[in-house]
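Colleague: Chains as they are written, first to last, in my numbering: chain A, 7 to 350; chain B, 7 to 350.
Quick caveat, the hints were computed from the structure, so don't treat them as lab data.
Just so it is clear, the structure is predicted and the values come from calculations on it, not from any experiment.
A hint or two may mislead.
The list makes no distinction among identical chains, and a pair is therefore deemed to hold if it is satisfied within one copy or across any two copies.
Pairs of lysine to any residue, SDA-like flavour, derived with a Cα cap of 20 Å [as the list claims (entries may be wrong)]:
1) 213 to 309
2) 299 to 151
3) 136 to 322
4) 78 to 89
5) 78 to 110
6) 299 to 13
7) 193 to 205
8) 149 to 289
9) 78 to 138
10) 149 to 292
11) 149 to 267
12) 78 to 295
Protein chains: 2
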Amino acid sequence: MPTFSLEQLQRLAQQIFAGCGAPPAEANLVAEHLVESSVMGIDSHGVMRIPQYVDNVRRGVVKPGSPVSIVKDGEANLLLDCNFNFGQIGGTKAAELAIRRAGRYGVTSVAVKNCNHTGRIGAYVQSIAKAGMIGLAMSNGPKNGHSVAPFGGREARLATNPIAFAAPTSGEPILMDISTSITSEGKIRLHRDEGRQLPGGWILDGKGEPSCNPRDFYAAPRGTILPLGGSAGYKGFSLATMVEILAGTLSGQCITSQGDEHNGLWILAISVESILGLASFTESLGALIHYLKSSAPAANSSGARLPGEPEFETARVRREQGIEIHDATWSDICRISRELNVEV
Amino acid sequence: MPTFSLEQLQRLAQQIFAGCGAPPAEANLVAEHLVESSVMGIDSHGVMRIPQYVDNVRRGVVKPGSPVSIVKDGEANLLLDCNFNFGQIGGTKAAELAIRRAGRYGVTSVAVKNCNHTGRIGAYVQSIAKAGMIGLAMSNGPKNGHSVAPFGGREARLATNPIAFAAPTSGEPILMDISTSITSEGKIRLHRDEGRQLPGGWILDGKGEPSCNPRDFYAAPRGTILPLGGSAGYKGFSLATMVEILAGTLSGQCITSQGDEHNGLWILAISVESILGLASFTESLGALIHYLKSSAPAANSSGARLPGEPEFETARVRREQGIEIHDATWSDICRISRELNVEV
Numbered sequence: 007m008p009t010f011s012l013e014q015l016q017r018l019a020q021q022i023f024a025g026c027g028a029p030p031a032e033a034n035l036v037a038e039h040l041v042e043s044s045v046m047g048i049d050s051h052g053v054m055r056i057p058q059y060v061d062n063v064r065r066g067v068v069k070p071g072s073p074v075s076i077v078k079d080g081e082a083n084l085l086l087d088c089n090f091n092f093g094q095i096g097g098t099k100a101a102e103l104a105i106r107r108a109g110r111y112g113v114t115s116v117a118v119k120n121c122n123h124t125g126r127i128g129a130y131v132q133s134i135a136k137a138g139m140i141g142l143a144m145s146n147g148p149k150n151g152h153s154v155a156p157f158g159g160r161e162a163r164l165a166t167n168p169i170a171f172a173a174p175t176s177g178e179p180i181l182m183d184i185s186t187s188i189t190s191e192g193k194i195r196l197h198r199d200e201g202r203q204l205p206g207g208w209i210l211d212g213k214g215e216p217s218c219n220p221r222d223f224y225a226a227p228r229g230t231i232l233p234l235g236g237s238a239g240y241k242g243f244s245l246a247t248m249v250e251i252l253a254g255t256l257s258g259q260c261i262t263s264q265g266d267e268h269n270g271l272w273i274l275a276i277s278v279e280s281i282l283g284l285a286s287f288t289e290s291l292g293a294l295i296h297y298l299k300s301s302a303p304a305a306n307s308s309g310a311r312l313p314g315e316p317e318f319e320t321a322r323v324r325r326e327q328g329i330e331i332h333d334a335t336w337s338d339i340c341r342i343s344r345e346l347n348v349e350v
Numbered sequence: 007m008p009t010f011s012l013e014q015l016q017r018l019a020q021q022i023f024a025g026c027g028a029p030p031a032e033a034n035l036v037a038e039h040l041v042e043s044s045v046m047g048i049d050s051h052g053v054m055r056i057p058q059y060v061d062n063v064r065r066g067v068v069k070p071g072s073p074v075s076i077v078k079d080g081e082a083n084l085l086l087d088c089n090f091n092f093g094q095i096g097g098t099k100a101a102e103l104a105i106r107r108a109g110r111y112g113v114t115s116v117a118v119k120n121c122n123h124t125g126r127i128g129a130y131v132q133s134i135a136k137a138g139m140i141g142l143a144m145s146n147g148p149k150n151g152h153s154v155a156p157f158g159g160r161e162a163r164l165a166t167n168p169i170a171f172a173a174p175t176s177g178e179p180i181l182m183d184i185s186t187s188i189t190s191e192g193k194i195r196l197h198r199d200e201g202r203q204l205p206g207g208w209i210l211d212g213k214g215e216p217s218c219n220p221r222d223f224y225a226a227p228r229g230t231i232l233p234l235g236g237s238a239g240y241k242g243f244s245l246a247t248m249v250e251i252l253a254g255t256l257s258g259q260c261i262t263s264q265g266d267e268h269n270g271l272w273i274l275a276i277s278v279e280s281i282l283g284l285a286s287f288t289e290s291l292g293a294l295i296h297y298l299k300s301s302a303p304a305a306n307s308s309g310a311r312l313p314g315e316p317e318f319e320t321a322r323v324r325r326e327q328g329i330e331i332h333d334a335t336w337s338d339i340c341r342i343s344r345e346l347n348v349e350v
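Working from the sequences, and respecting the hints, build out all of it.
Modeller: Following this line, the structure appears as structure tokens:
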């Protein structure tokens, strides 16, 4: 697999997005978002998305340069319209607004409709934590991509509906970024392609029976991914429903629209300053971190790791040693670069 | 098992709390909270708590009549001190304040410290949904009651740290109220007392090995409950950490205080009115509900049920047919009533 530095990937991704019509600042922002995900080891949300995003621009689904507008301005409660620009443009603007308004009101909620792929939603809460605030974000997905069954059902009614949370510390933030399903479609595909059985409790086949055969997920009728929680899967389903209501119903990005390919997003910023003061908060959070990590390791484990810790470790390694790109992804990126006259 | 009407239990519980020193309005509120939990079938948070609460008053841990004070007032971001009154008094005041301020600012966050047992935190978000808003609530627990291991650890570092969420519909609200652990101590105790093995993935023994023997949980060294998620238990641990940060670190109810028996609570209210209008929101949520419930049933299931649906069904039955109380709980309640000269 070819290996690249962060700077190489950033320059290339920026030129590709600029080459397909994004204004320079937007091209730069989307490139940074994807490259940072790759750096952190979240490859499913990294530069492998470049070909998909370019394809979406060509199909007219993504409209680069489209302004993100404020539809409703209720002081600490806002509704934005991403107007079909890259999801990262809407998400970044929403996080900036949430930070600014939370500085004034103490807390701010921002819902965003008509986003394209919102990318790694951890990025938005990470920027809120960087501003010394607590961030919470959720994102839904359009009907045509639904793969997760409600607990008790056998037909997909939800996307993997992620929840992200971040809080500032004296070092790297606490950074959670999880889907509310037990796994993702990408992991099922990997098992299928490698000829491996799935762990129990991941999917139902099209008849609603538990299955460990990854091919059952892609058969007709389609299988479904189970919500987080196993026998307590009503918990994962409840969390996914909460995400759907905040990111979808509240934003007006209704899950039920047929043929719609877009995402809704919800972001909350809470000022720590107006309650405890940032220094006192991070000191107290430092004590919590120490306490959590002091739990002796379970069998076959090296001990508790904080939300975000594995990703920040990967980022340290990849910043130094470079980022490996899968051959198939690299070949796609090279093809697109040629088509756009971007020098690789 | 003796069976009672809602009114009988309400009158009795109210008189017991008044009898041990709570002002009438507080006695009434705590009684209503516990009886409603029993009516909804959430018996672990219902009238079986009466003896524990009375004991806490006698030990001076709960201070009835203590005023709930505003420590910091940052417009849409507040910190309250429950001042060791019943947790329900602080929680109810926090929800009322959140609703009032969210009416002004669009959204409001309220953290509360020095609560006693916060009870069923679903009650607070339910009251927010009743006011036509979206509610979110989380609660942490003191160190001496920690039973949940961080993912990868074998020593308990968290309580079952629940998350509750509610949204208004044209009928009963969507109502989620879940712990972020795979199970509760009460369910492990039930398996032990009935001589049954636990399902796999619920606990680790004191050496950090997976176990299905409920006695391992109570042995020395103590076993621990696993976070929600099974092999994806980092997700449950991440959610529990988020709860700890919002309900504990932000409120100043630090998890790390030794000997402290109190809880922290965090409540958020989001106005729907200023974004979509309530009628438009509930119409859109109605379409989501219809879509979720239209998923054909999985094998051995009667189909998807909404968050809160089983509890509202139980409430309909119990309002009509009365509430059965376990003999042991009833005998405890009778003993306390005699001691307080309350007529049963």
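Colleague: It remains to establish, for every hint, whether it holds in the given structure.
Modeller: Verification of the hints:
1. Proximity of residue 213 and residue 309 under a CA criterion of 20 Å is satisfied inter-copy only: 13 Å between copies versus 40 Å inside one chain copy.
2. In this homomeric assembly, residue 299 and residue 151 come within 20 Å of each other (Cα to Cα) only across copies, at 18 Å, whereas the closest approach inside a single copy is 38 Å.
3. Proximity of residue 136 and residue 322 under a CA criterion of 20 Å is satisfied intra-copy only: 18 Å inside one chain copy versus 48 Å between copies.
4. Proximity of residue 78 to residue 89 under the C-alpha cut-off of 20 Å is restricted to the intra-copy arrangement: shortest distance 14 Å within a copy versus 39 Å between copies.
5. Proximity of residue 78 to residue 110 under the C-alpha cut-off of 20 Å is found in both arrangements, the shortest distances being 18 Å within a copy and 15 Å between copies.
6. Neither within a single protomer nor between protomers do residue 299 and residue 13 lie at most 20 Å apart by alpha-carbon distance, with minima of 34 Å and 48 Å respectively.
7. Taking CA atoms no more than 20 Å apart as the test, residue 193 paired with residue 205 passes inside one copy only; the shortest distance there is 11 Å, against 26 Å between copies.
8. Within a single copy, residue 149 and residue 289 get their C-alpha atoms only as close as 44 Å, which misses the 20 Å cut-off; across copies the closest is 18 Å, which meets it.
9. Taking CA atoms no more than 20 Å apart as the test, residue 78 paired with residue 138 passes between copies only; the shortest distance there is 18 Å, against 26 Å inside one copy.
10. In this assembly of identical chains, the alpha carbons of residue 149 and residue 292 lie at most 20 Å apart only when taken from different copies (16 Å versus 42 Å within one copy).
11. In this homomeric assembly, residue 149 and residue 267 come within 20 Å of each other (Cα to Cα) only inside a single copy, at 8 Å, whereas the closest approach across copies is 46 Å.
12. For the identical chains of this complex, residue 78 and residue 295 are neighbours neither inside a copy (39 Å) nor across copies (25 Å), given an alpha-carbon limit of 20 Å.
The structure does not agree with the numbered hints 6 and 12 stated previously, though it agrees with the rest.
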